[in-house]
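Undergrad: Please arrange chain B on chain A, whose structure you already have, making use of the hints.
Number of protein chains: 2
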Amino acid sequence: MASRIEIGLIRVISTQEPAVLDAHGTLIENKYPGLRVRSACIPDHPTGIYDQCTEQSAIAAIIRIGNHLAALGCHAIIVSCANDPGVFELRQQLTIPIIGAGSAAACLARSLTDRIGVISIVSSSPPVMTSILGNTLIGTKKPAGINTTLDLASHEAFHATLVAARQLSKAGARALVLACTGYSTIQAAPLLQKRIHIPVIDPVLAAGWTSLHAIRETHIA
Amino acid sequence: MASRIEIGLIRVISTQEPAVLDAHGTLIENKYPGLRVRSACIPDHPTGIYDQCTEQSAIAAIIRIGNHLAALGCHAIIVSCANDPGVFELRQQLTIPIIGAGSAAACLARSLTDRIGVISIVSSSPPVMTSILGNTLIGTKKPAGINTTLDLASHEAFHATLVAARQLSKAGARALVLACTGYSTIQAAPLLQKRIHIPVIDPVLAAGWTSLHAIRETHIA
Chain A
0 MASRIEIGLI
10 RVISTQEPAV
20 LDAHGTLIEN
30 KYPGLRVRSA
40 CIPDHPTGIY
50 DQCTEQSAIA
60 AIIRIGNHLA
70 ALGCHAIIVS
80 CANDPGVFEL
90 RQQLTIPIIG
100 AGSAAACLAR
110 SLTDRIGVIS
120 IVSSSPPVMT
130 SILGNTLIGT
140 KKPAGINTTL
150 DLASHEAFHA
160 TLVAARQLSK
170 AGARALVLAC
180 TGYSTIQAAP
190 LLQKRIHIPV
200 IDPVLAAGWT
210 SLHAIRETHI
220 A
Chain B
0 MASRIEIGLI
10 RVISTQEPAV
20 LDAHGTLIEN
30 KYPGLRVRSA
40 CIPDHPTGIY
50 DQCTEQSAIA
60 AIIRIGNHLA
70 ALGCHAIIVS
80 CANDPGVFEL
90 RQQLTIPIIG
100 AGSAAACLAR
110 SLTDRIGVIS
120 IVSSSPPVMT
130 SILGNTLIGT
140 KKPAGINTTL
150 DLASHEAFHA
160 TLVAARQLSK
170 AGARALVLAC
180 TGYSTIQAAP
190 LLQKRIHIPV
200 IDPVLAAGWT
210 SLHAIRETHI
220 A
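Line by line, the protein sequences give chains A and B. Following numbering that gives the first Met the number 0, the numbering of the first sequence begins with 0 at its first residue and continues without gaps. Following numbering that gives the first Met the number 0, the numbering of the second sequence begins with 0 at its first residue and continues without gaps.
With the rest of the complex left out, here is chain A (with noise of 0.2 Å):
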C-alpha cells in the first residue's frame, strides 16, 4: 500500500530510465517535500504526445495505468501531460483526484489574472486550456523549431521561447502558461519569469500544487 498522502503520477512519454521517468515526481517533491510522487509511464509513445493521433493511442494505457495506481492506494493522480489525455475517462472510473496538468495549470492562471498567454509546442493552445481560459486567452505562441517535447533541451529552443513569451507579454499578457510538460522537465518556467516580469506557469508544478490542495484540504477521509 502506499503511505497516506503518496501520489501517482502519468507520464506520457515512454521511458526505462529511472531518472527520465522520475523528473516530474522529483519536481513536485522536491517544491512540496509534503508531497511523495509515484511515477509510471506509458508504453510505445518515445516522442511523448504532440497531436491528436499520439494522444489517442495514449489515453487506452493511461487509464489502464491510472487505474493501477489508485489499485496501489494512490490517493490522487495526475496525469503529466498539457492536453490532459484521459483525465476526462480516469474521473469517470475513480473517486480520487485525477489532475492535469493542463487544466491546473490554466486554472491556476485564471485564478491569477484575465490576460493570459499560452507558449505551446503544436500551432494552437491545448483544448482543455482554450476551454478553461475562454476570453482570458489573448494569445498563443508555438517557438520556432519546436514540434515534439524532446525539441525543448537546447539552448536555441530556450531562447525561441523567449522570444515567443516576450511577444505574448508585449501583446498585454499577465501571465503565460507553458503548455508542455517538457518545460517543466528544463525547468524553463523561472528562467522565463525573470526575463519578462510577469508570472509563468509550469505545468507540472501547477498539477503539484493542485494535488497539495486535494490532499490537504479538501481530502475525504
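Rather than coming from a laboratory, the hints here were simulated on the basis of the structure. It cannot be assumed that every hint is accurate.
Each pair may be met inside one copy or between any two copies, as identical chains are not told apart.
[Stated by the list, open to error] With a straight-line Cα cutoff of 20 Å, these simulated SDA-like cross-link-like pairs (lysine to any residue) come out: (1) 30 - 51; (2) 141 - 60; (3) 169 - 94; (4) 193 - 94; (5) 169 - 135.
TA: Chain B alone, transformed into the frame defined by chain A:
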C-alpha cells in the same frame, strides 16, 4: 509600508466592528500562517452584495480601497466576494496580483474535477463562476430562506444549505463551490464536506490559497 508578504483584503460588507472586519483575514491567517492580511471594508453596504444593484454601487468603493491598500504596500489584494466585483477594474489599474474569491474558488474546483455544483444565495451562480466553470457546472442551488449574507448565521440556514448540497451531490456533483463569502464567515465548508463526502470549496480560503501561490511561487520582484 506593509511587510513583504502582507495581503490586502476588501470586505464587501460595511462594518465598524474589528472582529467582523477581520473575520476573513483571520480565517486566511489561521489556515496559511505564512500570510498576513490587512482588511478594509466598503461603506454604505450593511447587508453586503447580493444583487446587481448592490454590486454596482460597491465597485467604485472597491476600486478606491484597492488602490489605497496597494499604496500602503500590500503585495496582493483579495476582493472577498464571490462575484469578483471590481476585480477586472483593479487589474486594469494595478500590477500586483488581484485575487477574486469567486474566480479563485471556481478555478480551484475546476482544477479538481469536471462535475461541479454551486450553492448560491441568489437564484443563479455568479457570472464569473458560470464563465469559468463552463460545461463543468452541473447545477446551482439556492438554499430555502436565504437571501443575503446576513441570513446565513442560523441553524435553519445551515440545514437548508445541507439540503441543497445533498441535492447537488445526488445530481452528480463531484465538488461544490460556496458562492457567498458569508459561508466562509460561518465556516460551513468543512461541516458540509464531512456530511456529503465530496470537496466543498470555501471562497475566502480559495482566495487565500491562490494568494499564497501568487506571493510564493510567481512573485515578481
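Undergrad: Would you list, in rising numerical order, the hints stated earlier that this structure does not obey?
TA: 1 and 2
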